Amino acid sequence: MGGSPGRMIGIIGSLVLVGVVTVLIYLAFAESFDAVRQPMTTFVPKSDQANLIHGVYQFVFILAAAVFVFIMALTLVFSIMYRERPGQVARQFHGNSRLEVIWTLVPVLIVVAIAVPTYSAMASITKPAPENALKVIAIGHQWWWEFRYPELGITTANELHLPVDRPVSVTLESKDVIHSFWVPALSGKVDNMPGHDNHLWFTPNEARAEPYLGQCAEFCGLSHANMRFRVFVNTTAQFDTWAASNKADRVTPSVALAQAGEQQFVASGCIGCHTVRGQASAAGVIGPDLTHVGSRTTIASGTLDHTPENLRKWLANPPGVKPGSLMPNLNLSPEALDKLVAYLEGLK
Amino acid sequence: MATAIGMTTHTQEETGLWSWLTTVDHKRIGTVYAVAGFLFFLLGGLEALAVRTQLAVPNGVVLDADRYNQFFTMHALTMIFLGVMPMGAGFFNYFIPLQIGARDVAFPRLNALSLWIFLSGGILLNASFFLGGAPNGGWFGYAPLSSIEYAKTSGMNFYVVALLVLGLSSLMASLNFAVTIINMRPPGMSMMRLPVFIWMTLVVTFLLILSLPVLTVALLQLYFDRMWGTAFFSPAAGGDPILWQHLFWIFGHPEVYVLILPSMGIVSEVLPVMARKPLFGYSAIVFAGASIGVLGFGVWAHHMFTTGLGPVPQVVFSASTMAIGVPTGIKIFNWLGTMYGGNIRFVTATYYAVAFIALFTIGGISGVMHASPPVDGQHQDSYFVVAHLHYVLVGGAIMGIFSGIYYWFPKMTGRLLDEKLGMISFWTMFAGLNLTFFPMHFLGLAGMPRRIYTYDADLGWDTWNMVATLGSYTLGIGILLFLVNFVITMRKPADAGNDPWGGATLEWATTSPPPAHNFEVIPEVRDRDPLWYDRDHNIAPAVVPEHNHIHMPPPSYFPLIISLGVLLIAVGALSHLAVTALGVVIVLYGIWGWALEPTD
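From first to last, the protein sequence lines stand for chains L and Y. First residue of the first sequence? That's 6 in our numbering, and the numbers climb one at a time after it. First residue of the second sequence? That's 467 in our numbering, and the numbers climb one at a time after it.
Treat the hints with care, since some could be wrong.
[Said to hold, decoys possible] Mimicking SDA-like on lysine to any residue, the simulated pairs with C-alpha atoms at most 25 Å apart in a straight line are:
#1 L:K180 to L:V256
#2 L:K180 to Y:L529
#3 Y:K618 to Y:L529
#4 Y:K618 to L:R282
#5 L:K252 to L:E178
#6 L:K132 to Y:G774
#7 Y:K618 to L:N334
By construction, these hints were calculated from the structure, which means they are not laboratory data. Note that the structure is a prediction, hence the values are computed from the model and not measured.
Here chain L stands alone, though its shape is the one from the complex (with noise of 0.2 Å):
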């Protein structure tokens, strides 16, 4: 084999163009290492149980790295070694049958391999959560999600604040479709299905001001890409506060402006579909609770950031912000929109 030095020169460079290939690749990849860049990384564990599988998910890259250089390099040597020219003449067999044997029992090997930790960190994730834990109920809606404290008695939209450190258990449930709850930092995604209720626990490890990203992960319609939410992972004091501040009832409004949104809530029908604790006509339960609307950080569904401005435009054509939007176009006035912006800003 082998042969002439021009095979060898191939041999030599197809090893190294599949090294420097394997680099790039990891040099690409290690891009999801930083999740300032990128925020919904899945490479970046930010509680106990995705700790647990990042030892599973690291180990199972190792072995496909491994996995990969090897054939690409077979693949690449075999074509130059074995590359038609005068007087190779191509050796007649059929098979090994020791060679057979070995290359059966590798890939037995590799996912036992896999098989192992897997099932080790399945077996200390799909424990029950620990008594202690903080109840979520997370409801997905096309298109957002609705988040509830039964022991807190908050409810809250598209924005989910936790405690550090402290086991948080979510119950999964849908008000239509299929949805998926995803937050890549601090746990693999469950489906929340209609009819039937998931669960999904996580101990978020670290607190910090910038919110951790999720998304539906499962096709559910025209805006499946706009249903789109944050969690906030505090210390205790700061959860405490925001859990407090949250439980009471709405601020009644004080500015004359905020005073006539409030009627404008009530004559532009906006009460038939949500609730404003504290404004006892504003009781609907098919759209977000707005009771403190004015203190989270994105509308609809996290595609806008929350400002004056893009809440003005979100009120005036919803669903050309979200398409489908069950909020329809009010056909709202300058006027009545000055008016509502006014009163939801307020609603902190």
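Keeping the supplied structure of chain L fixed, place chain Y upon it in accordance with the hints.
Chain Y alone, transformed into the frame defined by chain L:
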């Protein structure tokens, strides 16, 4: 009696439109399958390019959400049911009888019927674009998003009815091929002397025969739910959306092997001939293919790891999924073993076959990765899975099909495709598909979900999306270059000869293109590589008898008539039952005429 129907006189023409519409020749039927499949493949490709163009930059404005959902749904449906499967069926049709030394398939008219029903289904599915909107609920059609409550347009009705029609066609074709392979082998061709391509085809036919009925049941239930208010999948009325997922994937996972096994077969034909040595580990490859077929029925719930199955089913299905990686690995090593020690002629067909090994391996590796449920929790429904499945289906199935096209084109047309242009086209496609699909791994790791029509700029997804889009254009250019090659080659004289590659299997023993009856004398097989055996043992071809009377089945109108009836039944299921009734009458008439049609 028969003449009273008035249509039983066969057309005598051997060229022209009517000769094609009434043909029962497996080679003509295979050609129409292949050409139609390729045209649908181009259409599915255009849909993919539109999707990629929308995703090239954050907050893209090329497609709105509704159109995007229609396009990605139709891209998958078109590629799977109208592109890759029919191109496979084209090869099956053309080469099963030739490779097993038969004159035609077991049921020539049934074969024609499969073809026309497939075309009806394909046209019906695409007609939805002009009749109220194409299906928009994904090719997997998950309940309850596919219910009338959440999918109000008629798109999902077209999905149900067209897939039923296409399933009928596949079922007929599968039964036909299975019977042909088992019953019509020539003297000496035992099962363990079948060409590997034929073996893989046999596995595919059994996969389809066993899995399509499950899909049929699920589709009928969905039809009842949508049209007549039943609630099989509606949780509000006590139905179960998870039931749909089980039924769909019991079909859907074997379907993946339906798409890839033919290409595994093609590569197993091309590599030994080009390396000029026998296939390494024939029985291992055959048994690996068969065990992939068997295990393929036991892995479906790995598509459902995130649905809350619970740990026990997760462990069971994860174990079976890892197990299926073993026979797949065996095949890869056997192909490499076939290259080892060879004197490999690197023509375009070889390049595609070798690329198949490398690229399919990449898809196989990522497949084993998400056999682990915790890993799958991060990969499921992300672009990592999009990368995985496209390495299997484009890097695998499509590369294999192109290898088959370059390998068998001289047999089908008497012409060798241009090598220089073939090489340029290959490298363009190779670069394009890797640029398109490899970055999708990175996007998945960066948390990009599938099936989103838009994304924000600050998520770090923009660079690789742009690269993937440019890659998809490159891939498109590569395929365009193949079309140029096709046109140029068809204008050249048919001078390829009967056996340009020094083939081992029987199709190379006849003329290029073969005569209607394929072989003057049914060949006798003495070895797994019959032509090489005869060459090495100086066995002369059998003498053609002086009065060589060969009876071939006459052309028939009735497959076309029955398929028209089937199309009307389907159209009626989408519009008015009166149309269905008319269709039933036509089908009955067709069966009547079919049964009484004289055989010569």
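Quick rundown of the hints versus the structure:
A hinted pair counts as satisfied when its Cα atoms are at most 25 Å apart, and K180 of chain L with V256 of chain L does not qualify at roughly 29 Å. Between K180 of chain L and L529 of chain Y the CA atoms are separated by roughly 28 Å; this puts the pair beyond 25 Å, and the hint is violated. Using a Cα cut-off of 25 Å, the hinted pair K618 of chain Y and L529 of chain Y holds, with the two alpha carbons roughly 20 Å apart. Simply put, K618 of chain Y and R282 of chain L have alpha-carbon atoms about 35 Å apart, too far for the 25 Å limit, and the pair is violated.
Using a Cα cut-off of 25 Å, the hinted pair K252 of chain L and E178 of chain L holds, with the two alpha carbons roughly 22 Å apart. For the suggested pair K132 of chain L and G774 of chain Y, the alpha carbons sit about 14 Å apart, so the restraint of at most 25 Å is met. Taking the CA atoms of K618 of chain Y and N334 of chain L, the gap is near 20 Å; set against the 25 Å cutoff, the hint holds.
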